[in-house]
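Engineer: Residue numbers (the numbering used here), protein chains in the order written: chain A, 1 to 242; chain B, 1 to 526.
In short, the hints are calculated from the structure, not lab data. All C-beta atoms, glycine included, are put in the ideal place defined by N, C-alpha and C. Relax, there's no trap hidden among the hints.
One-sided excerpt, in silico: chain A residues whose CB lies under 8 Å from chain B:
(1) ILE23
(2) PRO46
(3) GLY132
(4) GLY211
(5) VAL213
(6) VAL219
Listed below, chain by chain, are the residues.
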Amino acid sequence: MRNAWVIAQREIASYFAAPMFWILAGGFMAFSGFLFWLYINQPTPPQADMLPLLQVYGTILLFITPLLAMRLLAEEQRAGRLEVLMTAPINDWQLVFGKWLAAFVMFTVLIVLTLFHVGIMHRLAEKGVAPGPTFAAYVGLILLGAALLAIGVLTSSMTESQVVAGFLGIMVIMVLFFLSIVKQMPFGESGLGAAVAYLGLSDHYYKFGQGVVDTRDIVYFLSLTFGSLFLATRMLETRRWR
Amino acid sequence: MREQLKAYAPYISVFGLVVLLAGAVAPRLAQQSGATAPEWLGTALLVAGAVLALAWPLLRPEDVAAVFGTRQVRYGGNALVLVAAVLAILVALNFLSTRRYRAWDLTTNKQFTVSRQTVQILNDLQQPVALTAILGAGDGETDSLERLLDQYKAETDKLTYTRIDPQLDLPELLGLAQRLNLGQNVPGKALVAESGGRHAIVYSFDEQAVTEVIVKASRARDKTVVFLTGHGEHDIAGGGTTGRGYASVKQGLEREGYTVTSQSLSAVTTTLTADAVVIAGPQQPYQPEEAALLADYVEGGGALLLMLDPGGESGLEPVLLPWEIRPHGDLVLQSNALFGVTEAAVAVVNQDYQFHSITKDLERFETRLVGTQSIGVGTPVTTAMQVSKLIEVGGNAGSVVWGEKDLAGLQNGQAQADPTDEQPPLTLAVAGEGGEGYGRVVVFGTSNLAADGILQRLGQAANYDLMLNAVNWLTTDEDLISIRPTEPDSRPISPPQSPTLLLLVTAVLVPLAIFGIAAWIWWRRR
Numbered sequence: 001m002r003n004a005w006v007i008a009q010r011e012i013a014s015y016f017a018a019p020m021f022w023i024l025a026g027g028f029m030a031f032s033g034f035l036f037w038l039y040i041n042q043p044t045p046p047q048a049d050m051l052p053l054l055q056v057y058g059t060i061l062l063f064i065t066p067l068l069a070m071r072l073l074a075e076e077q078r079a080g081r082l083e084v085l086m087t088a089p090i091n092d093w094q095l096v097f098g099k100w101l102a103a104f105v106m107f108t109v110l111i112v113l114t115l116f117h118v119g120i121m122h123r124l125a126e127k128g129v130a131p132g133p134t135f136a137a138y139v140g141l142i143l144l145g146a147a148l149l150a151i152g153v154l155t156s157s158m159t160e161s162q163v164v165a166g167f168l169g170i171m172v173i174m175v176l177f178f179l180s181i182v183k184q185m186p187f188g189e190s191g192l193g194a195a196v197a198y199l200g201l202s203d204h205y206y207k208f209g210q211g212v213v214d215t216r217d218i219v220y221f222l223s224l225t226f227g228s229l230f231l232a233t234r235m236l237e238t239r240r241w242r
Numbered sequence: 001m002r003e004q005l006k007a008y009a010p011y012i013s014v015f016g017l018v019v020l021l022a023g024a025v026a027p028r029l030a031q032q033s034g035a036t037a038p039e040w041l042g043t044a045l046l047v048a049g050a051v052l053a054l055a056w057p058l059l060r061p062e063d064v065a066a067v068f069g070t071r072q073v074r075y076g077g078n079a080l081v082l083v084a085a086v087l088a089i090l091v092a093l094n095f096l097s098t099r100r101y102r103a104w105d106l107t108t109n110k111q112f113t114v115s116r117q118t119v120q121i122l123n124d125l126q127q128p129v130a131l132t133a134i135l136g137a138g139d140g141e142t143d144s145l146e147r148l149l150d151q152y153k154a155e156t157d158k159l160t161y162t163r164i165d166p167q168l169d170l171p172e173l174l175g176l177a178q179r180l181n182l183g184q185n186v187p188g189k190a191l192v193a194e195s196g197g198r199h200a201i202v203y204s205f206d207e208q209a210v211t212e213v214i215v216k217a218s219r220a221r222d223k224t225v226v227f228l229t230g231h232g233e234h235d236i237a238g239g240g241t242t243g244r245g246y247a248s249v250k251q252g253l254e255r256e257g258y259t260v261t262s263q264s265l266s267a268v269t270t271t272l273t274a275d276a277v278v279i280a281g282p283q284q285p286y287q288p289e290e291a292a293l294l295a296d297y298v299e300g301g302g303a304l305l306l307m308l309d310p311g312g313e314s315g316l317e318p319v320l321l322p323w324e325i326r327p328h329g330d331l332v333l334q335s336n337a338l339f340g341v342t343e344a345a346v347a348v349v350n351q352d353y354q355f356h357s358i359t360k361d362l363e364r365f366e367t368r369l370v371g372t373q374s375i376g377v378g379t380p381v382t383t384a385m386q387v388s389k390l391i392e393v394g395g396n397a398g399s400v401v402w403g404e405k406d407l408a409g410l411q412n413g414q415a416q417a418d419p420t421d422e423q424p425p426l427t428l429a430v431a432g433e434g435g436e437g438y439g440r441v442v443v444f445g446t447s448n449l450a451a452d453g454i455l456q457r458l459g460q461a462a463n464y465d466l467m468l469n470a471v472n473w474l475t476t477d478e479d480l481i482s483i484r485p486t487e488p489d490s491r492p493i494s495p496p497q498s499p500t501l502l503l504l505v506t507a508v509l510v511p512l513a514i515f516g517i518a519a520w521i522w523w524r525r526r
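The following block holds chain B by itself, in its conformation from the complex:
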């Protein structure tokens, strides 16, 4: 019997290896196919396989001794073990290096270092915050966001992060949309924060946006945005066929977690308490006491978004006076020399956006400002107040812009740039912040910015984003405002005086000198 077993030992061992493999794979296959298999089956197969596999070495030890006794196998085995050990050490080293690491940001403006304010906010987090990025692996923002979050996670253990690829993870994306009541408005790229049943969304992925979404989701209450009424302003319920309404913006703000209401100033008895107040295109002027109420609100740390149309007095001049912001009352016209067309709509592109938190992500998109006036900016009454231009247009090749002051003449079809008009560059939007209570104002020269009718007409223009960015900036907590996007270090190169000489030196003479050495060596060796 033993002799028979000995003869078949190699086959028994091979069969044993097959059984071992089955023991390792079968339970997983059964689980994946949904079949029910006894729990002990996998273990039983593994044990049986191991026993059978040992048949050859146990029954015919002389075979094993013959194989392992050769010089090659002995040295090869040693080398293999050594290589495996060294590779394991290197893998472990790399694994440990990802757990404990240090990075030095050598950029001039410390572009890849999180601010003190972010660190403070992360250290103060009371409950877990779950971040979900809706981003594809190939999206340009994914790497920089995940690198940024590495730094965040080093500061707190209350942050978790997952990424949903909108192309590949459709069920997860739909689940998230359902959980957040997004309906059909599922963004293609966004960062969502959820904490304690609350959520917030941002559409940028830099430090300011990431910290903002964390703060929004973890704060105790929704922020309120009040649209003032009573002077013919745009209605947040929509303007029907006139298109004079801000229903789309209201919906957008609510999706981002704001409570949006409308209110008449006559109903305010003492002070305004909203996180942000919006005045969208008043058609009758505000009374001095109303303007005083608004001025007090801003001075006390309030946030005001003014959208003032050309012509006429708004009565809000006293609110803007300390900031030295003066709407010109003109109508900005853009004339295209090539097509001979002059229109009261300005296309804002690229360099027209000035660097600010509100505009920093819009550089690649066009905003169209229809029926806008220009705005004068002076020096605020105190150095604690700071006013920044958001949009400044100067015309471009083939087009001219100017601020037409003769609005009566314009109605008779006379539109021509003359010295009495406002000359480019023309400022079309400004933002101010600071003062005693750290108030904030944003002023646009038109109330058409994101009116329902305009949004329908313009389709893909970035007007809606600009409006929401402005409200987001106005309602941002003060500590978030101080996390400014890091402006890239600018070191422009002056064009060389002689490009040909530069080409000659860098691409011809230096290489030729090196080739000369090669030729000399070759000649000497010859």
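For reference, chain A alone in the conformation it holds in the complex:
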């Protein structure tokens, strides 16, 4: 764990030192800020409810997270640093986990920035923002981000090209996000249909958005995160014997 944290610290420092993260954060805040302004300025006074906005922010993050994660392992492979790292006294899991942890910290920074909107909304509403549902929605957003970043790390471990890793990540995330649609198809009622629909990200995420924290959804997101990181570790491992 200590080794993973050392890797994460190094990555976090490089994120902060490169303009890429700040451009992403600025773009995200510009877009989400505009959406927030649109929401507040509806013709009929809206409710002090961050849930609709957080669901849209979640959709934006589907595209941002692969961009955050795409360089993590792909860049190391391209620059030939991976071989050096593999000779260091750390194992593949520590390397993968450390990289993911760094991206997750940066993602959390992005999410914390949106608390600025919650603060404004809280001031504009006489009764303030309901704390329970807002907390649940943020828990959902953090878990979603953790899983999406893990998928990003996995695709980043598959290729030396950042662009390919990012594109692949977005594709995988899109497929996973819309898998829930399967249950609306003719075979969706079957056992296989239900199992495939269960793999869909959106249903699990939207439940948090309603203000409900359910252990099923937590287990799903943690499984997806761990499963992706585990596969990424195995992908790195193949370099030792390929």
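With chain A held as given, fit chain B onto it using these hints.
Structural biologist: Below, chain B without anything else, positioned relative to chain A:
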């Protein structure tokens, strides 16, 4: 011979795999196509296939050793086994999590938590109840209903649930319609409960409706609704060409499992025993002793639906007095400034419906109240009685409503809002509940609400649903009434004093500050 077999071993094994596949698929294909095949055929093919498939590894073990001896295959095999094992553990974990789980409803009003009353009713169920939802997978209600039923099923094992998609499962839908004697009246969206040869239907999917349909299907007898006669009320047999009849409503109530009859109060010797009594537009006033009988009925826990037309005394004032419900006797007119039309019909939409079990699902639909009077609501005589407004109209952009008191002048074509008339907002329907025996009343300012003629004329208006909702609410068991629909937590935002400043701060200044950091980093690195 052995050498020959050895030479052909790979081909024999491939053939064996084909036979194995045939053994797995053939019985299922035969079953699907309706063909008859011996039961042993599948097993025989599987065994034969397995034996043939083993020919290569058994006859030429050196080939297998050569393949599996390579470094890549050894490490790859290990990795594959490890990945399969971890994935299997994750799948098992998720499967177990769907069997035993816990959910925390963090909404302010606990919108996704079933009430104590529902839990009690589910725990008291004596026999199995089969719920069937007529809903498409894409319908908005499907997810919330199934999530709600998850909580129900956690409380009892006597509940089963199936969903019939009206587009995809036509045979099942027709079977259900036949079983319930629905004839041509198959609803597009409904929840049906069946238990011990009885059934009940509701058309909402919230907790109150779901618990209600379970209670209705599992109770010992049908509920009775009595339409009173003898004072010129609407007839449940239909009013012929006059349209003054409630035959459509009678049929609708019977479809929902009610026994509907008509009765004259003169035939009642001691007390009324119906689950709900309906008085639809009496044209002659009730006598004081009749009103006293009805007042006793309500006070003792009865349920009364009054539909009183404008003008004239109904003689039922003593029944309504304790509730402080006073029909004004006026005629509500709506004047449209744009078209210069004034008519005695009020379109009830959106915010005109007040939040109540009877009206909660009608928000998106229009009800037209033709020839209605307004109703005054005061404070009931005891705090144990509670009166709620169901419909309140205040006019909208381009239209004005008022309660015309000069009915004689109106007959001469003089319709004008003046200070002596009832001023908006005007209450057009109210519901009261409570008192010593927990009685219930619903009062509408018109008997035209769901009369046959009006329903024919208005077509898609929600008058019929409003009427049935009112009867359903009146006949609901007391413990169900206390399961109130959870009102969404309302926290309106006051518009910002300067929207431009807000836009500047949220969408321009904050992002610019972040972009500034990016520029600074780029400049420093340069």
